[in-house]
Amino acid sequence: MTTKYTPTIATEIIQEYSAAPEMLVQILHAFVARFAYLSDEAIRQISLELNLSRADVHGVVSFYHDFRTEPPGEHIVKICVSESCQAMGSRELTAQAEEKLGIKIRETTGDGQVTLEPVYCLGNCACSPAIMIDENVYGRVDASKLDGLIEKCGG
Amino acid sequence: MTESVTVFVPNETAAVSLGANEIAERIAVAAEKNNVEVNIVRNGSWGMSWLEPLVEIVVGNDRIAYGPVSVDDVDSLFVAGFLQGGEHDLKLGPTADIAYLKTQDRWTFRRCGLIDPLSITEFQAHGGFAGLKKALESGTEHVLEQVKTSGLRGRGGAGFPTGIKWQTVASTDAGQKYITCNADEGDSGTFSDRILMESDPLTVIEGMIIAGFAVGASKGYVYLRSEYPLTQQIFGKALKVARESGWLGENIQGSNFSFDIDLHIGAGSYVCGEETAMLESLEGKAGLIRFKPPLPAIEGLFGKPTVVNNVVTLGSVPDIVALGGSTYDEYGVGRSKGTLAFQLAGNIKRGGLVEKAFGLTLRELIEDWGGGTASGRDVHAVQIGGPLGAYFSADQLDTPMDYEAFAAVGGMIGHGGIVVFDDTVDMAEQARFAMEFCAIESCGKCTPCRIGSVRGVEVIDRIVANDDREKNINLLNDLCDTMIDGSLCAMGGMTPFPVQSALKYFAEDFNK
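First to last, the protein sequences are chains R and Y.
Under the numbering used here, think of the first position of the first sequence as 4, with each following residue one higher.
Under the numbering used here, think of the first position of the second sequence as 153, with each following residue one higher.
Because the hints were derived from the structure by calculation, they are not lab data.
Among the clues, some could well be false.
Stated by the list, open to error - So these bits of chain R aren't anywhere near chain Y, every CB distance computed over 12 Å: (1) 4; (2) 6; (3) 29; (4) 47; (5) 51; (6) 68; (7) 85; (8) 87; (9) 111; (10) 112; (11) 137; (12) 138; (13) 143.
Stated by the list, open to error - Computed footprint of chain R on chain Y; a stretch qualifies when at least three of its residues, placed anywhere within it, have a C-beta under 8 Å from a C-beta of chain R: (14) 164-176; (15) 415-425.
This one's a predicted model, so the numbers in the text were calculated from it and none came from an experiment.
Glycine residues also receive a C-beta, built at the ideal position from the N, C-alpha and C atoms.
Let the hints inform the model, and build the full structure from the sequences given.
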């Protein structure tokens with residue numbers, strides 16, 4: 004469960020990693036896990052406490068797909084769009100999810116329930132197509148299974 | 153019935169993705185209702201993903217398999233008396249007799265599925281830590297010699313001889329050296345690192361300790377991709393178990409050798425699977441490729457001599473040291489020694505992990521193990537070695553699986569992933585995706601990769617739209633050559649392989 008950003012919790016997280024600049028990627032992960040995304044405020048605080056420039060931190064944040072800078076929906080639905088899942092119909096699954104949710108991939112529904120994202124391989128390639136909802140992976144996903152899972156997310 | 157029945161239900165991503173956790177819960181509930189005592193063990197996977205969730209019951213000296221089980225099957229399994237090995241439509245017989253498994257050459261993956269991955273006792277009962285014990289007794293020279301003799305080559309994809317890499321680090325003077333385990337398994341169609349880390353994590357830990365001992369390193373890092381949350385959980389626990397039992401940390405098993413391992417999580421970047429980008433990421437930075445030389449073995453993590461090895465490479469080491477390098481060398485052909493964990497994926501009937509000695513053909517893997525396509529249609533194209541690997545056509549299936557034979561036909565075995573497509577695939581779309589993926593995942597350091605991939609997508613779009621076709625096909629070929637010759641790493645340097653092979657073997661798809 005994510006919580007609202009506070010400088011005190013942020014400092015605690017940074018201290019868990021001894022405010023070491025080489026732990027920046029891990030610290031950013033911990034921030035996203037705790038606060039759902041990286042706000043400008045959070046990036047400013049990390050750069051101050053790690054003694055890095057904001058440009059340095061921004062460079063790392065923007066390099067990695069995992070480090071979101073906008074609040075995501077309540078649930079994050081990731082559809083694997085790599086080759087193995089393409090061979091088993093992930094393009095159709097993506098189109099189906101977009102239609103059902105009324106959004107394009109990389110967007111969030113108006114009610115803030117679901118963010119739809121692509122993911123490049125979940126390592127479940129023998130059971131393609133695969134999707135991931137929050138931290139749970141699902142395999143051999145067909146149209147009706149996808150519908151059911153999206154409905155559970157309130158989509 | 154008073155005796156407790158042992159039931160294995162895998163705690164492994166593929167099985168869990170198909171309901172293994174719910175199945176384990178349902179079995180526990182049903183057992184209580186039926187007044188039977190069950191001991192549910194969450195093992196790893198045997199790698200027969202097509203049969204997952206694969207539930208096993210210990211009956212006498214056998215493990216009787218049922219699969220693929222869904223949560224709705226549990227009640228009927230109880231009615232059929234599956235706890236005593238009763239007949240049921242899903243009954244597969246003794247696990248060890250399943251042909252898919254029986255015909256494999258299990259070396260690195262021999263404990264996967266067999267044991268509780270977090271039990272030191274079971275690990276040791278099946279030969280675990282024998283390699284490390286032998287290493288500590290026989291000394292660093294002996295270990296280096298065995299790894300060299302084995303002919304083991306890097307299983308991440310590049311196929312560099314492991315013994316030579318280790319020797320380089322061992323021979324380089326430095327106060328601090330590092331072992332890094334590359335678990336950033338980003339290639340589509342590959343999951344062998346994941347299966348090993350979830351099903352037998354201690355063997356990877358053992359391999360890393362042996363590597364540290366051999367080269368004189370006291371610290372190891374595992375760089376695991378964030379797309380594997382269950383792996384993170386299991387491997388994190390395995391590190392704890394190893395530490396608590398004195399197999400990891402200060403003075404391992406009372407010896408004067410100390411070694412510890414930190415687990416770092418990647419952040420969704422494909423290029424961080426390239427060794428120098430991974431080192432940058434481990435240092436907390438953006439995963440930009442480094443120039444080589446200097447090699448990581450000389451100047452790697454934090455500028456210190458560093459071994460960068462793939463999960464499966466490290467996991468193969470303990471038995472090489474325990475049984476002797478020449479035992480491993482007996483498997484395989486030519487300069488491709490030992491076994492490789494081939495992974496059957498995509499549109500395949502029996503997808504999963506097949507560990508075999510090098511030298512069998514692609515056709516044997518796809519037809520004998522894989523059973524052809526899942527859709528029942530013809531095999532049309534096969535991509536081997538991940539998104540940077542060439543596409544093979546149906547008439548190239550007799551190519552033997554060894555590093556050199558693949559290189560000779562412009563392919564690469566890479567990390568052993570085999571993705572099958574049936575005849576509904578549009579190969580122009582796949583070629584476009586290769587370029588698009590490179591544009592998304594390029595680290596941006598070198599121009600051929602950063603810009604070339606974007607231009608590649610545009611040129612393929614023009615070819616497909618029949619816009620000045622001949623000129624644009626020539627342009628695409630030129631662009632591919634520039635990327636191959638001018639890119640800093642495999643990302644830009646190999647993205648043209650799937651593109652060129654699609655253009656060569658599936659030209660009709662570009663002209664519809």
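Distance rule for residue 85 of chain R, whose beta carbon must clear each one in chain Y by more than 12 Å: Answer for residue 85 of chain R: violated, closest chain Y Cβ roughly 3 Å.
Checking C-beta pairs, does the segment 415-425 of chain Y have three or more residues closer than 8 Å to chain R? holds (count 7)
Say whether it holds or is violated: residue 138 of chain R keeps its Cβ farther than 12 Å from all Cβ of chain Y. 5 Å, violated
May I ask you to check that residue 68 of chain R keeps its beta-carbon over 12 Å from the closest beta-carbon of chain Y? 3 Å, violated
Given as non-interface: residue 111 of chain R, partner chain Y, CB spacing beyond 12 Å: The claim holds: residue 111 of chain R sits with its nearest Cβ about 18 Å from chain Y, beyond 12 Å.
12 Å Cβ clearance of residue 137 of chain R from chain Y: Nearest chain Y Cβ is 9 Å from residue 137 of chain R, so the label is violated.
If you look at each residue in the segment 164-176 of chain Y, do at least three have a Cβ nearer than 8 Å to any Cβ of chain R? With 5 residues in contact (Cβ-Cβ under 8 Å with chain R), the coverage given for the segment 164-176 of chain Y holds.
Over 12 Å from every CB of chain Y: does residue 6 of chain R meet that, or does the non-interface label fail? For residue 6 of chain R, whose nearest Cβ neighbour in chain Y is about 20 Å away, the distance exceeds 12 Å, so it holds.
Is the Cβ of residue 87 of chain R more than 12 Å away from each Cβ in chain Y? 4 Å, violated
If we take the beta carbon of residue 47 of chain R, is the closest beta carbon in chain Y still more than 12 Å away? 18 Å, holds
Distance rule for residue 29 of chain R, whose beta carbon must clear each one in chain Y by more than 12 Å: At roughly 6 Å from the nearest Cβ of chain Y, residue 29 of chain R sits no farther out than 12 Å, so the non-interface label is violated.
Given as non-interface: residue 4 of chain R, partner chain Y, CB spacing beyond 12 Å: Given a closest Cβ separation of 15 Å, the condition holds.
Hint compliance for this structure: hints 3, 6, 7, 8, 11, 12, 13 are not met, and every other hint is.
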